[in-house]
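**Student:** Produce the complete structure using the sequences and hints provided.
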Amino acid sequence: MRLRLIASTPDIEALIAAAILTTTGRRPSEAYEALKREPRRAGRIVERLEFHHGSVFEHNRLCWLLEADEKAILELLLRNRFFHVSRIGEGRWLLSANLRTVIEYVRRHRDPMAEHLLESIREVAPTVYRRLRGESK
Amino acid sequence: MRVKLLAYIPSKDLLNEVGEIPDAELLSHLAYIFAVEGISRVCSHQLVRHRVASYSQQSQRYVEVERLKEYVVIPKTIEGRRREIFDALIEEASKAYRQLIKLGVPREDARFVLPNATETHLMVTMDGRSLLHFFGLRCCLRAQWEIREVADEMLREVRRVEPQLFRRAGPYCYQLGYCPEGRFTCGRMEKVKRRYSSLGYGADGVE
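Same order as they appear, the protein sequences are chains A and B. Here our numbering is used: the first residue of the first sequence is 1, the next is one more, and so on. Here our numbering is used: the first residue of the second sequence is 1001, the next is one more, and so on.
Check before you lean on any hint, since a few could be wrong.
[Said to hold, decoys possible] These stretches of chain B come out as covered by chain A in the derived footprint (C-beta under 8 Å, 3 or more residues):
1) 1012 to 1022
2) 1031 to 1040
3) 1059 to 1066
4) 1137 to 1143
5) 1150 to 1163
[To be verified] Cβ pair distances, simulated, as ranges:
6) B:Gly1080 with A:Arg130: 38 to 48 Å
7) B:Pro1075 with A:Lys71: 53 to 63 Å
8) B:Glu1181 with A:Phe82: 42 to 52 Å
9) B:Tyr1201 with A:Asn80: 15 to 25 Å
[As the list claims (entries may be wrong)] Below 20 Å or equal to it, Euclidean Cα-Cα: the simulated EDC-like pairs (lysine to aspartate or glutamate) are:
10) B:Lys1004 with A:Glu30
11) B:Lys1004 with A:Glu33
12) B:Lys1095 with B:Asp1109
13) A:Lys71 with A:Glu33
14) A:Lys36 with B:Glu1037
15) B:Lys1069 with B:Glu1146
16) B:Lys1012 with B:Glu1190
17) B:Lys1076 with B:Glu1091
18) B:Lys1004 with B:Glu1157
None of these hints come from the bench; they were simulated from the model. Don't be surprised by glycine CBs; every beta carbon is placed ideally from N, CA and C.
**Tutor:** In structure tokens:
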């Protein structure tokens, strides 16, 4: 199995932090514009968030190119129905999901897919990556 | 009311990697994140009925409503008639809310007296396929005016960044070429189709 992140929503952690601040009274557009310019501040907000308050992790999309057989795809979809899959060739799939789906998969499963998914978010969601990596040790 | 597209994945980023893929399939892998601000709770109640989406909404448990009179949405049909009836209710609701808060009633309970006209802000995320369905229902002339305005603004925003991908987006009569509303049809399909063939592409067409 090979998994490669090919596209994702920009500024994912700024969006998560803006979603949190929206619930506590900020206008989402203002919060997002400010946090985009201050990724460290966005990271600090995301750092404090409980993973089980999952809905704010849904304001994004991650797309991967996955090379796997049909059995592996079926297994993945049975484990989490929020992955979306399109066949783009023999043994090649376009896979997408939001960060909440990734977090839930990584926290529930100890398998190569979980490891691939976790490693794929290292750059795009560094705070979430560090926290999940810390949990998996 | 203000709608702004905050972030999205450009379709070309995916197409460059995977090559040809039908639009309908492509759209379900793309997500669009919007700020929707200054809408009424009437409107947000309708919005969140679209379940294949994600929402983060300003909380009335954690955020105290101040100066209610300045933060309400007033329908034109009320504005043009007996506005004082509406204003009197808002004044009373505001007074009752402040009194309850002063008495130590928690915000989560004091808010029970707040009207549906109260403004709210949300962050909304939908994938492209859900957006098409949302536009199909909510750009329709049968939709309530406020959510139709929100849907139109969202459509303008996505057409600004993905003009080709959303060219066929709009109310279902525009998407399908016929009106699926049966006996409830507005009967103005040609006018509606003209409007959505140009909405967001410069000249906005017939309102």
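**Student:** Each hint: holds or not?
**Tutor:** Hints, one by one, checked against the model:
1. Under the rule that three or more residues need a Cβ within less than 8 Å of chain A, the assignment of the stretch 1012 to 1022 of chain B holds, with 6 such residues.
2. Check result for the stretch 1031 to 1040 of chain B against chain A: holds, 5 residues qualifying (beta carbon to beta carbon below 8 Å, three or more required).
3. Given a C-beta distance limit of less than 8 Å, the hint that chain A covers the stretch 1059 to 1066 of chain B holds, as 3 residues qualify and 3 suffice.
4. Judged by the Cβ-Cβ criterion of 8 Å, the stretch 1137 to 1143 of chain B is not covered by chain A as claimed, because only 0 of its residues qualify and three are needed.
5. Counting residues of the stretch 1150 to 1163 of chain B whose CB lies closer than 8 Å to any CB of chain A gives 0, so the stated coverage by that chain is violated, three being the minimum.
6. A hinted range of 38 to 48 Å is violated for the C-beta pair B:Gly1080 and A:Arg130, which are about 57 Å apart.
7. Distance hint for B:Pro1075 and A:Lys71: a CB-CB separation of about 56 Å, consistent with the stated range 53 to 63 Å.
8. Separated by about 32 Å at the C-beta atoms, B:Glu1181 and A:Phe82 break the suggested range of 42 to 52 Å.
9. Taken as a hint, the range 15 to 25 Å is violated for the pair B:Tyr1201 and A:Asn80, whose Cβ atoms sit roughly 39 Å apart.
10. For the given pair, B:Lys1004 sits about 11 Å from A:Glu30 by alpha-carbon distance, which is consistent with the 20 Å threshold.
11. This hinted pair checks out: B:Lys1004 and A:Glu33 have alpha carbons roughly 11 Å apart, not beyond 20 Å.
12. A hinted pair counts as satisfied when its Cα atoms are at most 20 Å apart, and B:Lys1095 with B:Asp1109 qualifies at roughly 15 Å.
13. With a C-alpha separation of about 43 Å, the suggested pairing of A:Lys71 with A:Glu33 is violated against the 20 Å cut-off.
14. Distance restraint check for A:Lys36 and B:Glu1037: the Cα-Cα separation of roughly 19 Å lies within the 20 Å cut-off, and the hinted pair is therefore satisfied.
15. A distance of roughly 19 Å separates the Cα atoms of B:Lys1069 and B:Glu1146; the hinted pair therefore holds under the 20 Å criterion.
16. A C-alpha spacing of about 32 Å is found between B:Lys1012 and B:Glu1190, which places the hinted pair above 20 Å, so the restraint is violated.
17. For the hint pairing B:Lys1076 with B:Glu1091, the CA-to-CA distance comes to about 19 Å; that is within 20 Å, so the pair holds.
18. This hinted pair checks out: B:Lys1004 and B:Glu1157 have alpha carbons roughly 7 Å apart, not beyond 20 Å.
Of the numbered hints given earlier, the model fails hints 4, 5, 6, 8, 9, 13, 16; all others are met.
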